[in-house]
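> Here is how the chains run, residue by residue.
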Amino acid sequence: VLPPMVKEVRPKVPECFSHLSMARRIAITQADKDVNPVVLALGQHMSTFAITDSITRLEATLLAFKKVIDSYTTPHGATFSRHFTSHVLNPQIEYLTACRPMCFSMGNAIRWLKLQISKIDIDLPDSDAKKLLCQSIDNFIHERITLADFVIVKTAADMIEDDEVVLTYTHHHLVERALLQAREAGKQFKVILVDDPYERVGIEHAKRLAAAGIPVTYASDLGALRTNLQEATLVLTAAEAMFSNGAMYARAGTSDIAALATDMGLRVVALCESINFTERVSIDSLTYNEIDPERNTDEGFRLLFDTTRDKFISVVVTELGNTSAKSVPAILRKLEEL
Amino acid sequence: MPSVTPGYAPDLEKYLKSLKGQPLEASVENLTSLLKRRQIRGSEPCAVATAHILLQVVAKSKWQDVDGLLDNVCATGRRLVEAQPKELVVANIVRRVLALIRDEAAEDRNEPSSETQSETQMTPTDPVSHQWPLPTYTKQDSAGDCISNTPAAPPPSRPGPVPSYSSVNVPKSLFHLLSASPPSDGSAMMTSPFRNSGTSTPTSKVPPYSQVHALRSEVIDGIEEIKDEISQVDDQIAALAEVQIHPGDHVLVHQPSPTVERFILRAALKRKFTVLVATEAPRKQTEGIQNAAFRKRLSGAGITVINIKNSGLTAYMSRVDKVILGARSVVANGGVVTDSGAAAIARAAKEQGNAVIVLAGMYKLSPENPFDEQSLIEWGDSSTFVSFADGPMVNGVEIRSAVTELVPPELIDTYITNLGTHSRDHLSSLIADHYKQEDAEFHLWSAIDR
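Heads up: the sequence lines are chains A and B, in that order. Per this note's numbering, residue 108 is the first one in the first sequence, and the count goes up by one each step. Per this note's numbering, residue 7 is the first one in the second sequence, and the count goes up by one each step.
None of these hints come from the bench; they were simulated from the model. No experiment lies behind these values; they were computed from the predicted model shown. C-beta: ideal position from N, C-alpha, C; glycine also. Keep in mind that the hints are not guaranteed to be accurate.
What the hints assert, rightly or not - Computed footprint of chain B on chain A; a stretch qualifies when at least three of its residues, placed anywhere within it, have a C-beta under 8 Å from a C-beta of chain B: (1) 358-367; (2) 395-409.
Claimed, not checked - In silico lysine-lysine, DSS-like type, Cα no more than 30 Å apart, as pairs: (3) A/K418 to B/K328; (4) B/K233 to B/K92; (5) A/K119 to B/K278; (6) A/K418 to B/K442; (7) B/K276 to B/K356; (8) A/K433 to B/K356; (9) B/K66 to B/K23; (10) A/K119 to B/K328.
Said to hold, decoys possible - Facing chain A, according to a computed beta carbon distance under 10 Å, are these residues of chain B, among others: (11) P16; (12) L18; (13) N78; (14) T280; (15) S317; (16) N401; (17) E404; (18) E411; (19) L412; (20) P415.
Using the sequences and the hints, build the whole thing.
Here you go:
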């Protein structure tokens with residue numbers, strides 16, 4: 108039983124979920140003085156969920172870090188590769204993490220970036236080192252995000268056949284792009300869009316699909332999900348991350364749909380860029396999760412993600428090809444070699 | 007459907023009050039339109055309304071023999087079912103009353119009855135101002151007479167063994183459950199032997215009107231008992247709460263119905279546990295308030311209540327120990343018609359191996375088996391989240407919003423009714439105890455068939 112809290116500004120998270128992380132709004136004045144203004148702005152966007160999904164956050168972070176690198180000059184008596192990471196980059200990362208816990212792709216990319224920085228020759232002049240780093244960040248964004256999305260969207264769009272009925276959950280940009288691209292390719296199919304009643308991001312999504320000429324059925328929540336799935340032939344979802352045991356980390360509710368769809372013999376397709384793959388393992392949804400900062404008390408509580416076990420995923424579409432969820436660790440090993 | 011403003015719009019309470027001074031036909035007509043307009047909605051109000059109107063049918067309608075009474079009850083029942091086919095409890099109550107009448111009739115068949123005589127003697131009785139012939143045997147009729155004059159009022163004094171059975175309120179089924187006696191018991195059976203012995207000894211040929219009269223009062227008593235049963239269901243189910251909820255449990259409830267709230271509150275008297283309440287995104291303003299009262303009472307009892315604002319609940323299942331669902335009705339194969347969203351929760355619970363417990367009064371158990379799951383889904387209105395001004399959404403998108411859905415039987419572990427805790431396999435014997443096979447499809451008969 109919680110004692111009555113009078114003074115406390117932020118009401119307490121229910122005890123059984125207190126191990127989970129949560130985004131926080133940090134006043135700009137409270138941030139470390141070393142934090143770059145671009146990163147400050149980005150942190151605000153993340154903590155207010157103006158930027159939500161993993162890939163958009165990753166891209167914005169990398170672009171902000173480019174600005175940080177640009178504005179950096181190595182102080183006298185230090186070298187770029189030794190000084191930059193610990194004195195400049197780390198405060199930025201700490202601030203971003205404080206605003207909202209890092210997503211797995213950000214963790215992967217930051218590890219990669221630090222490796223690149225450490226590899227820089229200590230004799231290389233500042234300007235060249237900065238140019239080199241920015242160049243590799245651009246390449247990274249191009250390869251791991253832009254091209255990856257392009258390939259995934261194309262693969263997913265090709266999966267949609269004529270007369271298909273695609274069921275999808277709320278909104279993800281990869282799914283939306285795949286559906287629109289399939290429509291552009293002249294495919295005749297229908298979409299059943301199941302929305303999250305607490306965050307109706309699906310309404311705008313449904314409108315955009317309908318505007319493109321796709322017949323859309325909008326289901327307001329997971330009610331009568333079985334009936335909706337009975338009409339569907341394919342379930343298209345997008346992952347926030349993939350764990351190395353093949354489990355998918357995605358918006359809360361995805362797992363419910365995937366499980367029921369598998370019961371009913373439907374294909375469940377998960378779209379995910381390989382940068383979102385993590386070597387961590389999660390078998391339940393409370394190992395890694397995030398609490399909605401707007402709803403984090405007994406009066407209203409909301410988790411943002413859930414974990415879908417590999418047995419409920421038929422295929423994972425990545426830029427490296429279509430694989431089963433079981434082969435996530437194999438892909439991770441391959442990525443290490445690259 | 008816009009939410010009903012209390013005070014002006016008709017509801018169950020107002021309807022029951024209106025019954026007294028109204029002719030039967032008007033009452034039936036009134037109820038069908040209330041059901042159609044969803045002004046009486048939810049299984050308990052529907053069941054109560056049905057029991058009341060059938061009591062009126064028995065008391066006021068014209069009938070000369072058992073078949074006539076069965077026809078009248080069927081005809082009214084059929085109209086109610088047609089008015090609101092998705093409320094399965096309406097048909098359940100009708101079947102219960104039909105079974106009651108059949109039991110009475112079976113008892114009366116011991117005596118020779120002459121149909122022709124009854125027809126001539128029982129001239130059409132005015133449904134409003136009726137005076138039954140004076141009783142030949144006093145005890146039974148004092149109750150029966152009273153009921154036929156003021157039909158909605160409970161009998162002031164019940165004859166013979168009835169009061170003792172009313173305390174356990176479903177004599178028939180309870181008797182079946184508790185004692186393994188042959189199925190020839192029940193309130194009707196228990197009371198009638200006295201009457202039979204009383205009537206058959208003095209005259210070998212019973213005056214038919216008194217027979218009709220006796221049947222009438224017996225059936226009315228039976229319906230009163232069904233009404234009592236409905237009113238006591240929540241309490242009796244709650245009595246089983248302590249067995250199910252253990253200290254330290256995390257119990258998940260979905261849109262708690264009054265039955266579920268009562269159950270949880272009862273457990274809260276003895277146990278310390280955590281309740282996770284999965285609320286559906288508010289469709290009506292009233293829903294939030296109801297939950298708030300429930301939460302306040304639980305917090306007062308020292309129970310932690312967490313209001314979950316997620317639609318899919320897989321994320322919580324590794325923490326949850328058991329899921330408790332309230333039912334709108336239970337179909338014969340064990341499927342549960344309940345608030346939409348429950349099926350996804352039950353599926354998630356199954357995945358994690360958590361128990362799914364369904365609370366439902368006996369009167370919600372329907373002998374029907376849906377051949378088409380979709381026929382049980384009730385679709386609601388979408389105006390709370392899509393405005394009619396939103397052209398692209400209204401024109402280009404088909405919008406669905408389910409209010410009820412069917413939870414498949416394989417996802418449910420235990421059923422708790424006012425008669426106890428049951429497994430799915432036991433439901434069929436409960437159905438057999440409460441309903442007669444021949445009434446299973448009464449609502450499909452047309453009037454000509456009979």
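> Now tell me if each hint is right for this structure.
Each hint, compared with the structure:
| no. | hint | verdict |
| --- | --- | --- |
| 1 | 358-367 | holds (count 8) |
| 2 | 395-409 | holds (count 8) |
| 3 | A/K418 to B/K328 | holds, 24 Å |
| 4 | B/K233 to B/K92 | holds, 21 Å |
| 5 | A/K119 to B/K278 | holds, 20 Å |
| 6 | A/K418 to B/K442 | violated, 46 Å |
| 7 | B/K276 to B/K356 | holds, 28 Å |
| 8 | A/K433 to B/K356 | holds, 23 Å |
| 9 | B/K66 to B/K23 | holds, 17 Å |
| 10 | A/K119 to B/K328 | holds, 24 Å |
| 11 | P16 | violated, 28 Å |
| 12 | L18 | violated, 26 Å |
| 13 | N78 | violated, 37 Å |
| 14 | T280 | holds, 7 Å |
| 15 | S317 | holds, 5 Å |
| 16 | N401 | holds, 8 Å |
| 17 | E404 | holds, 4 Å |
| 18 | E411 | holds, 5 Å |
| 19 | L412 | holds, 8 Å |
| 20 | P415 | violated, 13 Å |
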